[in-house]
Amino acid sequence: MNLSWLIRSQSLVTLASGMIYPYYLLFLKNLGNSYSKYGLAFAVFTISSALVSQWLAPRLDRYSQRMLIASSMGMMAAMLAFPWVMSYSVVLLLQLLMGICNAMQKMSERQLLADYTIPGGRGAAIGNYHFWTTVASGIAVVLGGYLIDWLTINVLFYFSALVYAASAWAVWRMQKADRGKESVQAQKTKSVNG
Amino acid sequence: MAKKTIAITLLIALSVITYFRTSSADQNPYLVTDYSRLHPVKVERVVKGKEETQLIHLLQDARKQHLKVSIAGQRHSQGGHTYYKDGIVVDMTGYNRILSIDREHKKITVQAGATWEDIQEAVNRYGLAVRTMQSQNTFTVGGSISVNAHGRDIRNGSMIKSVDSFRLLMADGQIKQVSHSENAELFPLALGGYGLFGIILDVTLLLDDDELYSVNTETMPTADYVRYFMQEVKTNPDIRMHIARISVSRGSFLTEMFAKNYTLDHSEPLEKYSKLTVREPWTAPGKLLFQLNRSFDWGKTLTWDLQTAFFTEESGELISRNNAMRAAWQFMEYDQPDSSDLLQEYFIPVRQFDDFVEAMGKIVRSENLNLLNITVRYVNEDNEAVLSYAKQDMFALVCLFNVPLSSKGQSHMEQSVRQIVDEAISRGGTYYLPYAGYPSLEQFRAAYPEYRLFFQKKLQYDPGELFMNTFYEQYKGGGAE
Chain A
1 MNLSWLIRSQ SLVTLASGMI YPYYLLFLKN LGNSYSKYGL AFAVFTISSA LVSQWLAPRL
61 DRYSQRMLIA SSMGMMAAML AFPWVMSYSV VLLLQLLMGI CNAMQKMSER QLLADYTIPG
121 GRGAAIGNYH FWTTVASGIA VVLGGYLIDW LTINVLFYFS ALVYAASAWA VWRMQKADRG
181 KESVQAQKTK SVNG
Chain B
1 MAKKTIAITL LIALSVITYF RTSSADQNPY LVTDYSRLHP VKVERVVKGK EETQLIHLLQ
61 DARKQHLKVS IAGQRHSQGG HTYYKDGIVV DMTGYNRILS IDREHKKITV QAGATWEDIQ
121 EAVNRYGLAV RTMQSQNTFT VGGSISVNAH GRDIRNGSMI KSVDSFRLLM ADGQIKQVSH
181 SENAELFPLA LGGYGLFGII LDVTLLLDDD ELYSVNTETM PTADYVRYFM QEVKTNPDIR
241 MHIARISVSR GSFLTEMFAK NYTLDHSEPL EKYSKLTVRE PWTAPGKLLF QLNRSFDWGK
301 TLTWDLQTAF FTEESGELIS RNNAMRAAWQ FMEYDQPDSS DLLQEYFIPV RQFDDFVEAM
361 GKIVRSENLN LLNITVRYVN EDNEAVLSYA KQDMFALVCL FNVPLSSKGQ SHMEQSVRQI
421 VDEAISRGGT YYLPYAGYPS LEQFRAAYPE YRLFFQKKLQ YDPGELFMNT FYEQYKGGGA
481 E
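Chains as they are written, first to last, in the UniProt record's numbering: chain A, 1 to 194; chain B, 1 to 481.
Worth flagging that the hints you see were computed from the coordinates, not collected in a lab.
Glycine included, every Cβ here is placed at the ideal spot set by N, Cα and C.
Each pair of labels, with its calculated beta carbon distance range:
hint, chain 1, residue 1, chain 2, residue 2, range
1, B, E117, A, Y35, 20 to 26 Å
2, B, G173, A, L51, 54 to 60 Å
3, B, V278, A, V142, 28 to 34 Å
4, A, Y88, B, I12, 35 to 41 Å
5, B, Q460, A, V85, 51 to 57 Å
6, B, D305, A, K29, 38 to 44 Å
7, B, L31, A, K29, 17 to 23 Å
8, B, P221, A, V142, 46 to 52 Å
Can you build the whole structure from these sequences, using the hints too?
This is the structure in structure tokens:
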């Protein structure tokens, strides 16, 4: 059950990121006059992602679900901010923020995927996970194109922010289910012991 | 499994639909066209103009290889002026440096690929402003000069009046300084020359002071407009800029108008309003509304009503000249496959205005054309440009049509436009050449009687016809006769 919520929440994440990603590249290219400047924006993203991963690592097992929520909320904030950006330095700042979110999301999803599966029985679950997140991203990117054609790229950013918010809600829902399970488990243990 | 099958089928179906929806030639990224998306062709290559010497070498190479050269800015002209099949397109948008600003004499020298926005950003801090340009500021200076543009300013005439001089790279590789005193013959040819006389390298423009305007909108029946303009607008020297719109709403089709005047205002200091606006507000709702305007009669009524209410409500608002000369445009962006929003513009002698609007309305109705809006500007007489569109004081009616790009849709549009052009010509009017070449060769010749001189001079300065474009091919009519 929790695996389904993980898949749901992360399909929403790939939906949100998938709809913006290819167009985001165009958006960034328009900001920079040179390709190297545009490369730099991505380097900043990887630097913050790599650095923060080392701080997150020891906390991952304990806080992975919270990290997923924080990641989605952070991405939501970045999506809401992008249409208002008027300088390259702010783009770099947002790249920094998105790098942090990326580390939280990538690390937690892998950790939870491992937690929710058992060795020797992971193939089907990972297959499911990959299928749904990829299909979500595919649908998102086609619909994103239509959305920009009919409205504007800014609307796409806002729409993506909304989907990130939904993904945060789905993780929260998963966390709640986990806690419910834990308390049932605890009660069972208690009654057995008692 | 069933869920997965449904999901992947949905994604594949969506992709297939999108593939076929965007498979028309106007969507082909390997073909070159202009803003109209009409007549896409394969070109030899697109070269970014960077340096003067590079451009000279480029022309040398083209001559050697017997290739034609077309010159492009933002490619907002719509009649194939910026490309030619199998030719080289010189993209001048990167050739856009501001070279010097002479504050004392109010002049600026820029490379031709600079946009009006670049100029506004450069001169605004000195309290200076552009004298004449189109309503929007996204076009390149070279492009605007090549079409002898005009705009909302009613005191300065068309573009040609605000150009001091320019340097022109000729077909033989020579660079000529062109002004009213040097190589003066080339001035009214290359200005409004549609890229046929050479590559405009850099331009010195005359500037004006930035000023503060109060914007006021008044509505009126179309029948009152000429009197209103001649008696209340033209005679008031404080009104510096003016634009009007004619209703295309079904209930008031071509019978209602609103006029927007920009009147000099001294009630507050300019500095308070001189910061340049960089964001276009309400783009997404505007785009949606404009889509309704394209698609439905009720959308046209809604757009007209909201526009009129909005501008009337805004009456009294103060705005700097530089900010007034950066009209919104993003909400009109339209990339849908198989149809395009195309402009047509008719110049009509002031006294013939009512009569022409009525005649045009009949054609639009009987041919069932999807007319999205009409703006009206005033253009002063210009006897300088060889291909002058205003041999007397004129009203310019800029009409935006949504047009299918299919050959059937195009031939219908062509014969409809030709009827409208006939009405314009029969009233001593003309039409604007930067737009789709629907008018016939005969109509072109009737509207631009100086065409012989224009094409003769073209061959004199460029005997090998190195500078070539689809517009020239269409209207040169088998060479200068």
